[in-house]
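Q: The chain contents come next:
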Amino acid sequence: MKNGPGRSGLIMDEPLLWEKGKKGRNGMSIPESDIPAALLADELCGEGPDFPDLSEGEVVRHYTRLSQWNFGVDTGMYPLGSCTMKYNPKINEKHAAAEEITSAHPLLDDEYCQGTLRIIYELQNFLAEITGLDAVSLQPAAGAHGELAGMLIFDAYHQNKGKKRSKILMPDTAHGTNPASAALCGYKPVEIKSGERGILDVEQIRELMDEETAGIMITNPNTLGLFEENIREIAEIVHEKGGLVYGDGANMNAIMGIVDLKACGVDVLHLNLHKTFSTPHGGGGPGAGPVCVVDELQKYLPSPRVEFDGSTYSQVEDPASIGRMHGFHGNYGVLVKAFCYILTMGAEYLKKASQYAVLNASYVKVKLKDHLHLAYDRPCMHEAVFSDKNQQKNHVSTLDIAKRLMDYGYHPPTIYFPLVVPGAIMIEPTETESLEELDTFIDVVKMIVKEAETDPELLHNSPSRFKVKRLDETQAARNPCLCG
Amino acid sequence: MRYLPHTDEDIRTMFDAIGVKDFEELFITVPESCRYDKEMALPLPKTEWALNKYMAEIRTMMKVTPEHTVLIGAGRYQHNIPSSIPSIMGRSELLTAYTPYQPEMAQGTLQGLFEYQTLTARLLGVDVANASMYDGASALAEALLMGLRIGKRKKRVAMSAAIHPHFREVVRTYFHPIEFEIIELPFLEDGRTDFSSLVDENGLAAVALQSPNFFGVVEEMEAAAEAIHQAGALFVAGFSEPLAFGLLKNPGEAGADIVCGEGQSFGMPESFGGPGLGMFGCKQKYVRNLPGRLVGETTDLDGNRGYVLTLATREQHIRRGKATSNICSNQGICTLTAAMYMASLGGTGLRKLARLNYDRSEYLKQGLEEAGASVCFSSPTFNEFVVEFKDDFRPVQKRLMEQKIVAGLDLAKYYPGFDNRYLFCVTETASKEILDTVISEVKK
Amino acid sequence: MKEVHELNLPEDVRYTKDHEWAKVTGDTIKIGISDYAQDQMGDIVFVEMPAVGDTFEEGDEFGTLESVKAVTELYIPVGGEVVAINEELEDTPELLNQDPYGGWIVEIKPNDIQEIEQLFDRDTYLGVLKGE
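Chains as they are written, first to last, in my numbering: chain A, 1 to 484; chain B, 1001 to 1444; chain C, 2001 to 2132.
Check before you lean on any hint, since a few could be wrong.
To be verified - If you want the ones that stay clear, here's a sample from chain A, every Cβ over 10 Å from chain B, calculated:
# : residue
1 : D201
2 : L208
3 : D370
What the hints assert, rightly or not - Distance condition first, Cα-Cα at most 30 Å in a straight line; then the derived DSS-like pairs of lysine-lysine:
#  : chain 1 : residue 1 : chain 2 : residue 2
4  : B       : K1432     : B       : K1398
5  : A       : K163      : B       : K1322
6  : C       : K2109     : B       : K1152
7  : A       : K351      : B       : K1021
8  : A       : K367      : B       : K1285
9  : A       : K299      : A       : K389
10 : C       : K2017     : A       : K167
11 : A       : K393      : C       : K2023
12 : A       : K393      : C       : K2002
13 : B       : K1285     : A       : K188
14 : A       : K446      : C       : K2023
15 : B       : K1413     : A       : K299
16 : C       : K2002     : A       : K193
17 : B       : K1285     : A       : K94
18 : A       : K450      : C       : K2109
19 : B       : K1322     : A       : K161
20 : B       : K1152     : C       : K2030
21 : B       : K1322     : A       : K188
22 : C       : K2130     : C       : K2023
23 : B       : K1398     : A       : K299
24 : A       : K164      : A       : K299
Stated by the list, open to error - If you want a taste of the chain B side facing chain A, the calculated C-beta under 7 Å gives, among others:
#  : residue
25 : P1045
26 : P1275
27 : C1328
28 : Q1397
Hints are computed from structural coordinates only; laboratory data are not their basis.
For clarity, every value in this text was computed on a predicted model and none was experimentally measured.
We put the CB at the ideal spot given by N, CA and C, even for glycine.
The following block holds chain A by itself, in its conformation from the complex (with noise of 0.2 Å):
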């Protein structure tokens, strides 16, 4: 007898696609044809990719099941340090989802399709105002794809003044992908070490900084968690040698409201949707990122943007623009979410998001402190970072705390990043958690580091209540198995 599919609790086995179904089901209605067959050369013809024939049942019982071996937001807390995994309101689905929106062909002209622009002018604008800022393009799909269009701005900003400039400062706690996207505008990244309080020191950037720099990437709060307190003043330095201050607004969740980044020196900022502004992650994506410069920066952006004259709305694209970044408007979709999340929260309650964002994040760190290395003893924004520096003697690492959280219900914060704290465990819990659900948490750790103390075998051989325990990547990269 074939094993049944059940494994524990409601955890069902489900094979890959192709082991299941047989030639001739169907798993969606296909109109019949009622005009005859055109002819096709044979020579053009394919044969038809070797896909697996499922019913509708099928394929909706398979999905299903590989949902419940998911952790999603709406599952549990997720504290992922960096990516804000805060709640993902429902009603924006349905806006996102309304029918006139999904079925909105982009190549419409204007008059036919003016609601759809009108979202995107009046987000332009909001986005605008929420950053302090002049001007946006929300084109981008992405936070690195935002940066990149930030990055090719200040290549053609730097080319309109006569001279390419060939490097750019990047602090040591930077996201990976900041020297990536310096890199694909060919600027070669010059690091900068973070100073001891874990921001950036001013000496530094002044010796640094000269006429071939085409400015610096900054991450404020930073990924420490830590606001960078002297920006203003590495701006002015910045600019005084013709140079550019980019924002990575990653962070952006703890600074709504409170910090105006035209006001930091800030000429280029990008946003993720899909952190501050409550769009889903959707397992890796689609997300959405933003570019806003300053009134100077504005003819660069990437084109189309809508503009309104007061009664009609128009896609404008400007000569001097570095041109598309995407086949059309970005993920439109998500700019939807996002927009109704803005207009849910007006003002009022986006501060406040920032601000309990902030307070949960200094609960957290307070109450922690004394059981996990805090790698910053400093007042922390939206996240703060500790370390397993404590657990070493036992040879428990960060890996061992993090798939043990897994264990308790927890998915676990970010690890191993900033590279610059070694063994870095980084806890943004966000605003969305309820202080009931920040003392579980907090106990759940406190009881982890007991259990490191005790019995250290039980966390090296954690998750245990999964459906799969900890998988071998050193053999995924040695073999890769990509396709099945």
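Position chains B and C against the provided structure of chain A, taking the given hints into account.
A: Frame of chain A; chains B and C shown alone:
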């Protein structure tokens, strides 16, 4: 506020624990000069019901409604989507998860991506497909950059002028700051790309074409492969309508080295241009040069099958400035949506649907020709084709719009000299009745 | 990870600050990575090697090593022309973990074989590892 759980009492408890007296003190590290010194000028917060009203009002501003049949494609296609897909893909375990960095907690996403990679590789005829890129346009730019990485010291790429104009614009945006040259290959009178200038081009890393191309024309892929390989370059095969490969030969089979294109047709609506996904694959030997996420099969401590993100050393979070791309995500849920669509159709269904699309578009093509329009390119087409009208077509277009039919894309702004030429797209959503209406209005 | 005294550091090879080793075999030099390097890297999953015939100046990057979550560049300790690469590493990169001194990576014909004398001997290298 329903998303924020904090009560006044909670806040006081937390302030006490932290040792601050108010929010001002919590933000003590933000200097005065960096502060947002006024209220953000945004609309007042809306209840769910007020938001519904606001959005409903915006929707009424759309003159093209869901009742319209859209006979425009050009990179975004109107296809039927079974209800099973949005219903299951809306499950929050899939939708509200992050990138699967912790594989034990994300086997659903990971197995789903592995299945997507496999079905995509089979569809495109390549050895390996990644877990998707942002869209077809950025995927083309990434493919050409990949060609340059493989070509090491080579400094030039070429692309056909019959590639989607927006896709070519994105390539130019990506290439602008760097010292690589882009050559544009013209197209012939039959609508296919002209390779005659390609012979012995020195230092050419990659040549891209799209098939079916922007005009719907099916390129001669084997001949293209031969010409491109003879010029010592890699063959990058693009597409914007993957449904074509249910009926036509796939690009890998024809000799393409890298295949990339837009996958929106597989279960995603037009949604004003996004999200969709960039499908991307290549021959096995180039796998370490691939941009983007990859999922691989492995085993767990007990020897059970499982899936992980792999070959991450190509990527930005490890290789930083030397990564194969700056991309840090994929299109996630869109990728699973495309896989679910492919699984729902199955091999048999995909072929039947592709055939139906082909037949319907041929029907309109012939009908328009009989009605007096001339078909601009003599080569075979799939789903899309270009016709030129003798008289101004705009009045006809207007009459059809009144009958809820969006007929044809004016090509004048994309190609000089294409006055009165229109690109039509016909899919399974256009009934015979609709097509007959278009034909008879043209005849009038 | 191994303590310094646990490391296998043979006398008959020379070492570099980047934790490579070089060994004269006739008129060519074989190059690999030290026990310390392989231990630090963890499981090596891929070795990117140059092509036979490529030439390098001392200190040039000639390849990379990859573990699951790290990439390390390899720098040539002595300038010269690559005459052979260890093809076994293409399918079994783990050789570098199992037998770092048997598992050589490239063999070069040096421009100046005397350059090897400038590399660390065992004791000096051990001192470097101890942070002396």
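Q: Take the C-alpha atoms of B:K1152 and C:K2030, compute the straight-line distance between them, and say whether it is at most 30 Å.
A: OK: B:K1152 and C:K2030 at ~26 Å, within 30 Å.
Q: Does C:K2109 lie within 30 Å of A:K450 when you go C-alpha to C-alpha?
A: 57 Å, violated
Q: Under the criterion that the straight-line Cα-Cα distance not exceed 30 Å, is the pair A:K163, B:K1322 satisfied?
A: Measuring from Cα to Cα gives roughly 25 Å; hence the hint holds.
Q: Below or equal to 30 Å on CA atoms is what counts here, so check B:K1413 against A:K299.
A: Measuring from Cα to Cα gives roughly 22 Å; hence the hint holds.
Q: Please work out if B:K1285 and A:K94 have their alpha carbons no farther apart than 30 Å.
A: Given pair B:K1285, A:K94 is violated - Cα atoms ~44 Å apart, limit 30 Å.
Q: Does the alpha-carbon distance linking A:K446 and C:K2023 stay inside the 30 Å limit?
A: 52 Å, violated
Q: Per the CB criterion, is B:P1045 less than 7 Å away from chain A?
A: Since chain A brings a Cβ to about 3 Å from B:P1045, closer than 7 Å, the hint holds.
Q: Given the hinted pair A:K393 and C:K2002, is their Cα-Cα distance within 30 Å?
A: Holds. A:K393 to C:K2002 sits at ~15 Å (cutoff 30 Å).
Q: A:K299 and A:K389 were given as a pair; does the straight-line alpha-carbon distance stay at or below 30 Å?
A: 49 Å, violated
Q: Verify the proposed pairing of B:K1322 with A:K161, using a straight-line Cα cut of 30 Å.
A: Holds, at roughly 28 Å.
Q: What's the verdict on C:K2130 and C:K2023, does the C-alpha distance respect the 30 Å limit or exceed it?
A: 23 Å, holds
Q: Go through the hint on B:C1328 and say holds or violated, using the shortest Cβ distance to chain A against 7 Å.
A: 4 Å, holds
In summary, the numbered hints that this structure violates are 8, 9, 11, 14, 17, 18, 23, 28.
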